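With the sequences and hints as input, model every part of the structure.
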Amino acid sequence: MSTNHRRSIAARIAAPAALVGVVAVFGFVAFSSGSAQADTTTTVPVTESTVAGAQPGTVQAVPTAVTAEPSASATAKADSAPNQSGIYYTDLPAAFIKPGQALFATNCSSCHGGEANGKAGVAPNLQGLGAGTVDFWVSTGRMPLANTSVQAIRKPPRFDRIQTLEIAAYVQSLTPGQGTQVPVVRTAGADLENGNTLFTLNCAACHTISGAGDALAEGAYAPSLHLATPTQVVEAIRSGPGNMPHFGPGNITDTQARDIAAYVTGVLQHPDNAGGAGLGGIGPVGEGFVGLLIGVGLLMLVCFWIGDRA
Amino acid sequence: MIDKSLNWIDDRLGVAKGGRSFLDKIFPDHWSFMLGEIALYSFVVLLGTGVFLTLYYVPSAHEIVYHGSYVPLRGQKVSEAYASTVGLSFDVRSGLLMRQAHHWAADIFLGAIAVHMARVFFTGAFRKPRELNWVVGVTMLILGIVNGFLGYSLPDDLVSGTGIRIAYSIIESIPLVGSYVGFFLFGGNYPGTGVIIPRFFIIHVLIVPAILVGLLAAHLGLLVKQKHTQFPGKGKTEKNVVGSPMFPTFMAKTTGFLFMTAAVIFGLGGFAQINPIWQFGQYEPYQISYAVQPDWYMGWLDGALRIMPSWEWVGFGHTIPLEVFLPAVIFPGLIFNILLVWPLIEWYKTKDSNYHNLLDRPRDRPKRTAAGVAMLTLLFAVFFASSTDVMANFFQLPLMDVLWFFRFFVPLAPIVAYFIAFKICHEMRDAENIGQRKRALIVSRTTEGEYVTTASAPRPGDSHEELEAIPVPTFIDTTDPELATAAGVRRVIR
Amino acid sequence: MSDDKPSPLPPATLDDPHLQPATKHPQRMQNLAILAMVIGMVGFVAFIVVYWINASNQWEAGTLALGMLGLGVGTIAWGKYLMPQGPFVEERHDFHSSEPERAAFNAAITGRGGLEVKRRGLLLGVFGVAGGIMTLAFLVPGIRSLGPKPAKSDDNQGSTDDSLFTTNWKKGARLTTVDGRQVMVDDLEVGGVLTVFPRGYEGSSPDQVILIRLAQLGPNDPPYPIAPPGKTSFGVQGYVAYSKLCTHLGCPVGLYQERTQQLVCPCHQSIFNVNAGAIPEFGPAPRPLPQLPITVDATGQMRANGGFDQAVGPGFWERP
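Sequence lines, in order, name chains A, B and C.
If you read the first sequence in our numbering, its first letter stands for residue -3, the second for the next number, and so on.
If you read the second sequence in our numbering, its first letter stands for residue 39, the second for the next number, and so on.
If you read the third sequence in our numbering, its first letter stands for residue 512, the second for the next number, and so on.
Keep in mind that the hints were calculated from the coordinates and are not lab data.
Just so it is clear, the structure is predicted and the values come from calculations on it, not from any experiment.
All C-beta atoms, glycine included, are put in the ideal place defined by N, C-alpha and C.
Accuracy of the hints is not assured; some may be wrong.
Claimed, not checked - Computed beta-carbon distance windows for the label pairs:
hint, chain 1, residue 1, chain 2, residue 2, range
1, A, Glu214, C, Arg655, 43 to 53 Å
2, B, Gly113, C, Gln821, 31 to 41 Å
3, C, Thr621, B, Asn392, 39 to 49 Å
Take a look at the structure:
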């Protein structure tokens, strides 16, 4: 078989095979796409179309966030009565303070000081920030932090839920009554449309409309929201970690914060990618790559098949 | 039966003579001559899917309450344009497929024009007598870009609405007339009285496509009249065209290509999502998302806007916002004008008024090739500059550093690319046996220990046996008594 | 397409190499073509079925693409492997006309006519001018009717859309959120940020203002210092308000970085220093965001203490 003949066989198999292969890959990706599963209290179906069982499924990733909300019934005492806002704040049990102090001494005091009052240039003063703030930083794994020169990133948390709350309880006990409390967030019955509107107005400018996150000035960045739990969303709204603004109750009420949390965890983390692979949720940048490399690229392969070489 | 039908038509239209020469037309077979067809057939898909979309889309900025099937939007006040596009996506069967296929077809249409234009440029196919066709083509590129922008702005969603705001400010930045043109187009100060959506709509579905169809007809008509160019080769001269005949071969292949283009477009339309506008939400001029870029064919303008320093000229009671006017008006104006008059520029430099029906190898025209590479590098650099924030986030780099990098990269990279391309062209021309099939090298060792290579003899089948080209036969004699059977031709082939 | 016909060629015979299929296995290729087209048929039928049962977008696209792919591969295989590839040749005839033909054409244009030919220049000139003015006459309504002229001040029948120079912010205007809620002085915590409008103009694009609380200060505390080009007196009790329209291209500058106290425009990453009158520190924006003077009235409601002292938003020719 001449080289020429071999090449033409290869070419007339390669191009259609490549085409089918790419279509298959896309199908696989589309059917398995979806963000990592976060622990949500409810997953709200976002589209009520009667599509016959062909919706893209979601990949069940190992939840890197904590798997249990602070159980109100078992250990916590409701501070304010559960109301229509869907959020109520807990006082952490006093029994948490002593083990919290021990954990703090071992893991946190080297940077934050024995009384959590911080060290200049190293770590901020935690007094007055409240249990909710501490819970946010520790439960997202941002703390403990090894390298203080760059913005802390979300990592698998070092402590389990109870330990995290113990540390939070200890820090809260240093300045009782001050700062953000740990919220208990019930997303069931949330107004998703309200959450959508509020998210777009208040959050999308930094976190992007799809919650993918993006780079900010001075080396900071707004993180992706795809792994956040409802508790963490509300804690972040109230405590304004890092460069995030502080949204107090006079700006975003409890109901509104609950709606935002429900929207983030229910809709943004399970986007209705009815159109196919989400391409990263960063809009036209991904589309451009796909359109040119795959779209025009595949068709150029077909040109190769149909036509001659010079 | 066929005879009778053809006679009926010819009695009334007299098409047999012209029709015969049309069917005999020869098309050269090189693969790169088919790139324009990608654009042509994606345009066909655009028209088809576009008609479908116009039957459902409502071009109105009038606000209604959304009651469709996407729950997080229910109860929200949205424009009819937005609601109808979300409705197309969720409540019209195959609506989302058509919408996405339309969008992918547009992306591929413009991408194909870019590669086709590059092929025409680098092979010098724009020279006499085809300068007019080049101008027609560049005009179609410009109109295609404009129509793409208008099209993805029609859903009135947050991301494309931001683009409209930016477009308004760019118009506003034009000295003397900017604010007038902006007010006229939008019906007032931004966002205007809501007329921009219906105006964009009619320009997008009627005015520009009508012009495009006309230009396309001219483009193809000129191609038919002037015949296609071809690469030099055995039997190919300035005075002929060698290849396969229009009927049946080329028609079959090109029809197949139409289906392949449609296959790729519809494949992407189902498996790769575009513009999830239900997630973006209705456009409000006081809302914004981060990581917003225009579609790729406008990305080069966005990149230019990002890297431009903040020079604004203020004096004599007037302002010229150079940081907008230069990158968004002057820069694309320069690029498109250079493209349009390139045949003139080349004629000016080469003083060559001959007919050119044979193409150049890019390496044989190092200056033109290097200039083209430099232009492409500039456009790529400024295109990547539009995703600075996404890049900074992805590569975990500070935002300002990425921007400063592009501020230097965009002007310097084309210069470096020019010299590299120029050098490569010369090196390729100086290479031995360039363009010929490679021979195997036999490595032998002398007794002194030196290694010596010699080229092997050509292998059988290596030399590209080409037949002598003949004119398309008028008749084919199928009556050979040795070969004729009831099955006719098929027996011969077997 | 030439007029001069060469003498008719003798018919080619079927065994002419130019007519042979371009493959050693024409029967196989024919089968491939047929198989591909049958797969295409299956794809299209499947598409109709998938549509009927309302399956997802992916199924619709997969079946339709399969159908197209089948037809495409089938026809291409048919054309490439079974049909005659040639090579065939076609002559290019000069399509430009001969010299006598050109001369005759030119003569018809320039020479046909008697007395009129001599007067033609003048007549054509006059016609041309008239035609030009006619074009202008059509362009005038075509362009001018599109929209209003940009007005210098906001006095066009109460419409707020027509002025590039003024907004609806006036002394005493109440700061209101987009859903109509009055902003009170205690609403924001330190580091809080809010989008506000003048009462009655919620959602109006030129009026959008971003309100930021930089410090918790009481009415009797010394004011929060804002460096020039900002004005300390324009703030109140630690609040500061700037136009949210970016001075580059008008995107809403909604991104507030609390630690570094910078506003970043998400469109092209202009960075504004909130402590210094929103002066642009980096990026393409040319001018600081105009600052809105604000105050707190006796009942704790936040109000504007005047309008903007300059035009908001991007630059334009008439901007002084």
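These are the hints, each one checked on the structure:
no. : hint                              : in the structure
1   : Glu214(A) - Arg655(C): 43 to 53 Å : holds (49 Å)
2   : Gly113(B) - Gln821(C): 31 to 41 Å : holds (39 Å)
3   : Thr621(C) - Asn392(B): 39 to 49 Å : violated (29 Å)
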